[in-house]
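Chemist: Spelled out, the chains give:
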Amino acid sequence: MDAYGILQILIFAAAVLALTPVLGGFMARVYDGRARLFAPIERVLYRLCGIDPAREQNWVGYALSLLVLHLLAVLTLYGLQRLQGFLPLNPAGQGGVPPDLAFNTAISFSTNTNWQNYGGESTMSTLVQMAGLAVHNFLSAAAGISVAVALIRGFARRSARTIGNFYVDLTRTTLYLLLPICVVGALVLVWQGVPQNLNAHAEAATLEGSRQVIAQGPVASQMMIKHLGTNGGGFFNANAAHPYENPNGLVNLIHLVAIVAIGAGLTNTFGRMVGDTRQGWAILTAMGLLFLVGVLAAYGAEARGNPALGGMVNLEGKEVRFGIAASTLFAVVTTATSCGAVNAMHDSLLPLAGLVPMVNMLLGEVVVGGVGSGLYGILVFVLIAVFIAGLMVGRTPEYLGKKIEAREVKLAMLAILATPLGVLGLGGLAMITPAGLAGIAAAGPHGLSEVLYAFASAANNNGSAFGGLSGNSVFYNTALAVAMVIGRFGIIIPVLAIAGSMAAKKTVPSSAGTFPTHGGLFVALLVGVILVVGGLTYFPLLALGPVVEHLALAAGTLF
Amino acid sequence: MVKELRPALTLLVLLTLIAGLAYPFAVTGLAGIAFPWQANGSLIEKDGHVIGSALIGQTFTGRGYFWGRPSATAVAPYDAANSGGSNLAPSAKALAEAVAERDAALRAAHPEESGPVPADLLTTSASGLDPHITPAAAMWQIKRVAMARHIPMDQVRTLVMDHVEGRELGVLGEPRVNVLRLNLVLDERWPMR
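Protein sequences appear in the order of chains A and B. Per the numbering used here, residue 2 is the first one in the first sequence, and the count goes up by one each step. Per the numbering used here, residue 541 is the first one in the second sequence, and the count goes up by one each step.
To give an idea of the interface, some chain A residues facing chain B are shown, with a C-beta separation under 8 Å as derived from the structure:
no.	residue
1	Tyr5
2	Ala203
3	Pro219
4	His243
5	Asn315
6	Gly468
7	Gly469
8	Leu559
If you want the ones that stay clear, here's a sample from chain A, every Cβ over 10 Å from chain B, calculated:
no.	residue
9	Pro99
10	Ala161
11	Leu425
12	Val483
13	Ser502
Everything labelled a hint here was simulated from the structure, so no lab data went into it. Quick reminder that beta carbons are idealized off the backbone N, C-alpha and C, glycines included.
Sequences are here, hints too, so could you generate the full structure?
Modeler: Quick look at the structure:
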């Protein structure tokens, strides 16, 4: 660890903190309808779609609209990939994508996971990259944010039947939030060296006289939404480690801030919309504590070097321009959120540094988390924390003046149990079937880590990987896609149900017995609940994977 | 359900047009006007031919050139149409063996250097296309390059120092040397005979 490394972490944290109230305030204006700049465009869109923007939906209607849109989106993306060979904008002449891979990719991008079992530059046509994948980058991000906003409305409203209109939230998120930031951001990225063209490849005759084919494309526009929307699906196979996606330290910082900005801002939006910004800061503090512990642990572990190579600095799978500090910071940020972009190969991280990304994902990606999904994820934990606090003092638990009753706690538990089902259920299946074992690249405990990482990533809609795992097989394409669906909709539906039932409740005035949810005690309780739930669920697996590998490596055992 | 299909389908089509086509096309157009060189991949031309990209590493094996990092791209090293890393675990025997092998080969090619081989020359990068090496790794190769080109070592050292790129804004990233740019200047100033 050196001063430059620590300083980079601090600069990143300061930038995010400074942006949080700005973006948070703006989003509050977008979702309570005060921002009207693009109203004419909105009117045209709603008229064409037959949407009445004034008509709000109850939680069932909101969920139904969301599911129908996703179903159509998955079918379209699947079709585009299968047929890309016959469609225009295919300068490199890519053929149709095989069925299982196309299915996996369609699910992956529509669930905001962006797990990639394909190499970007060698599989997908420009049309699929733009009209297929990039659209899902917007759509899945906007859907996640919409669900979070619906849940916020549930807490903010009293005796209400509706939680907003899904199509309106989706449209406004895209028009007001995502597109403007992306256009400006993409141009900054091009200025700093990220390509943006419609060429297939550039051909070079190198200094030593050999031929080098350099893949090209509209990279910058995809980079910006990929990070802002915590999508993570790279234009190139090497993702944000590719010098075209991430050419220098400044671009790297822009990527990092973009990944976290909306998720952090939403905590502030939440505070504003429920009428008490302290509630938002308390949640962000809990997230910040978990982040800080993670980033220091990972950086500390990685900075020690590889004991098997005499403590040599571990640059395997890293780029010189990022080194140890910027690489581990990226690894922690990308897994704390649901982004999953990588600027270093996580498979080659030292065991304890690789453990941190896994823990981040397994805790449910609530350390800022995915856009929208981070906020509704941590609010589910908040309900459990408040419930436990209520049990301790023997009072009906309350949050923001609303009674938390059996129905909400049951729904919250349902949401919390969805990801373990995907990770442990399907990951367990991979460990006992020949098709699952066939994909493992590394011998010894690291092999288990590869599988655990894959299902942690899929079920939490992250999308980063221990890349050694051969995921492009019928088994993994299918099993991982199922895990992604469980991890996305298995949480979204209970969350919308919670939103509906909270909206319908009356508020009760706070009294001397009310547990304040903006202080240090609450933050500590929340962090404790997150750690206990995640720890109890996954500790045995983490012990057998990265922890055993760390101990073996320290003793000089190789596999 | 059927009533739901119309708004969903229309909105999907409209958002595809806006976010999937209009957005990337608009950015492509603007970028092409404002930053044409970067937008087209930072390609470097010499005598009218593209010889590579300032951002993409390429293979160097000649004794008169600075060498870049080992590359683990799929078929051949520095395959800029198939980026990727080795994905070897730190506990993999294969990694320890590869590092030992590279160490031996580099020492054999640099008999005049006695210090440890810099780590970036022993390990493969994440993208397989890393255009940079650390300043230490460039310094480590100076004597070989100077001898191959029959020029004084000091001049090569000065050249390397001039080509060290600092951290962005003084703190972001790590100091580095762009191997292709450095070798291009070498060829200009002291062509191989």
